[in-house]
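J.: So the protein sequences, as listed, match chains F and B. Sequential numbering from 52 applies to the first sequence in our numbering. Sequential numbering from 4 applies to the second sequence in our numbering.
Simulated from the structure, these hints should not be mistaken for lab results. Virtual Cβ for every residue (Gly too), placed ideally from N, Cα, C. Heads up, a few of these hints could be off.
Derived contacts from chain F toward chain B, CB cut-off under 7 Å, selection only [stated by the list, open to error]: (1) Leu62; (2) Gly123; (3) Thr124; (4) Phe131; (5) Pro142; (6) Phe143; (7) Ser255; (8) Val268.
So you can see what is in the structure, the chains are spelled out below.
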Amino acid sequence: MSWCAYPGWYLASEVLERYGCRMATGLGITLQLVAISVSLGCIIGLGLALARLYGPRWVGGVVTGYTTFFRGTPLLCQLFLVYYGLGQLRPFWQDVGLWWFFREPYWCALFTFTINTAAYQCEVFRGAIQSIGKGQFEGAQALGLHRIATLRHVILPQAMIVALRPLGNELIVMIKSSSVASLVTLFDLMGATRLAFSRSFDLSIYLYAALIYLAMVEIIRRLWDVMERRLTRHVAVR
Amino acid sequence: MFSNLHYIGFGEGGWGWALLQGAGVTISIALATLPFGLALGLLIALMSRSDKAIVRWFATVYTTVFRGVPELLTLYIIYFGVQIVIQRLLEGIGIKGFSIPPFVAGMVALGIVLAAFSSEVWVGALNSIQKGQREAGAALGLGKAQVFRLIVFPQLIRVALPGLGNNWMVLLKETSLVSVITLQDIMFIAQRGSSNTKEPLLFFTAAALIYLAFSLISWWFFERLEKRSNRGFAAFGGQTR
C-alpha cells in the first residue's frame, strides 16, 4: 500500500483509499497552478500598478481596460475563452510554434489564472500605493532621492504592509477558483474528486475534498496572521 | 471569427436570442440568490454577536467552512448530496424519480456561500454602530427587535453598501458555475453554441462581453446608490465616516 492510500485505509473509507493517490496527484497540480500563477501574477500585477500610476496616460488607460475586463468577467469564461477559443486558432499557433502551449489544458489554465490574478493584484497594489500619504513622496524628494529610489526604499515597503492582507485573500480566492480547471479536463484536486465520484457515486469523496481545500485555506489564513503580526510589530500596539 | 458573426446574430441560424435568454437566466439566478444570501448573512452576523457561546461557535464554523470550500464543490455537494438525501426520504414514502431543479440547487449553493461572505460585511457594519444608538432606543422603551428594525438597520445599510456591492459582483461571476449542473445560463448556451458551430472564440467572447456589460452596469449602479445613501453626510464631503 502506497502512502497516499493510507488516509483512506485509516478512515476506513473505501473510496478515499482507492482514489487517494489520484487525489494526492491532483492536490499537487492544484498547488502548482496556484503557486506559479499567484507568484507570476504578483510580479505582473506590481508592474501594471506602477505603469498605471506613473506611466504615460495611454498606458494607464490600457491597464485600466485590462483590469476591468478580467475583474468584470468570470474566471470560467476566461478559461474557456483561452482553452477552447484560442485553441480554435490552431493553424496560427502552429505557424508561430506555440501550439504545444495552447493545446495543453495545464498551460491554458496556468496562463488564464496568471493573467486573471495579475489584474486583481494590480488593483491591490494600486490601492496600497495610493494609500501612502503624499508627504512620504515629498519627504523623499526633499532628501534628494531619485524617483525609483523613492519607490524602492520609501513607498513600496510601506505599501506592501497595506497590500499584505488583500494579497492573502487573493491567494485564498485563487486556491478556491483553481477548481474550475477541472472543467477543462484537468485532473487537479477537484478533477480527481469528480472522477472518483463519477465512478463510485460515493458522495463522501466530495466531503473529503472539501476538508482538504478547507485545510489549505486555514493554513494560509493562519500563516498570514502570523506574517502580518510580525511585519506590523513597529506600528503602534493595538 | 469575424466572417461568422451571424452565428451570434438574431437571424436564421443565429444564437442571439438564445444568448439573451441565457443572460436572463444568469440575472434571474443572481437576483433570486441575493435576498436569500444577504438575509442569511445578516442572521449569521447577528449570531456571531450572540451572548450564547454555542451560537457564536456555530456562526464561526459556518463562515470558516463556506468561505474556505470552493464554490464549485459546494454546488456539487448541494446538487448531488441533497438530491440523494431527499430521494432516500421520498422513496421511504413511495415517491420515485425526484430531482432538484438545477435553479433551486444553484440558488441554495450560491446563497449559502454569499451568506458566509456577506456576514463579514454585516459584522463590520454592526461594529460601526455605536452602543449609544441602542441604548437610546432602549431608553425610549423600544424592544430589542424594534431597536434593530427602526434604529440599527437603516444605519447599517449605508455602511455595509460598498461591501455588499463587492459581494454582488462576486456572486454575478460565480453564477457562471451553475452551467455545470445544466442550468441554461450564458455559459451553458455559449458552450452549446460553440460546439454546434465550431466557433468557440466567437461564442465565449460574446459571453465575456455580456458578463462585462452586467459588471459595468452594476459598478455604475452601486456608485450611484452609495452616493445616494451618503447624501445625508454631504457636510463631511460625502465621506462615510
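J.: Now tell me if each hint is right for this structure.
T.: Structure-based check of all given hints:
For F:Leu62, the suggested interface contact is broken, since its CB lies about 18 Å from the closest CB of chain B, more than 7 Å. Annotation: interface hint on F:Gly123 holds; nearest CB of chain B at approximately 3 Å, less than 7 Å. Evaluation of the F:Thr124 hint against chain B yields a held restraint, the C-beta minimum of about 4 Å falling below 7 Å. With its C-beta approaching chain B no nearer than about 5 Å, F:Phe131 sits inside the 7 Å limit, and its interface hint holds.
Look at F:Pro142: its Cβ only gets to about 13 Å from chain B, farther than 7 Å, so that hint breaks. With a cut of 7 Å, the hint placing F:Phe143 at the interface with chain B is violated, because the nearest CB-to-CB distance is about 11 Å. Interface restraint check for F:Ser255: the shortest CB-CB distance to chain B comes to about 10 Å, outside 7 Å, so the restraint is violated. With 7 Å as the threshold, the beta carbon of F:Val268 comes within range of chain B, its nearest partner Cβ sitting at about 4 Å, so the hint holds.
Checked against the numbered hints above, the structure breaks hints 1, 5, 6, 7 and satisfies the rest.
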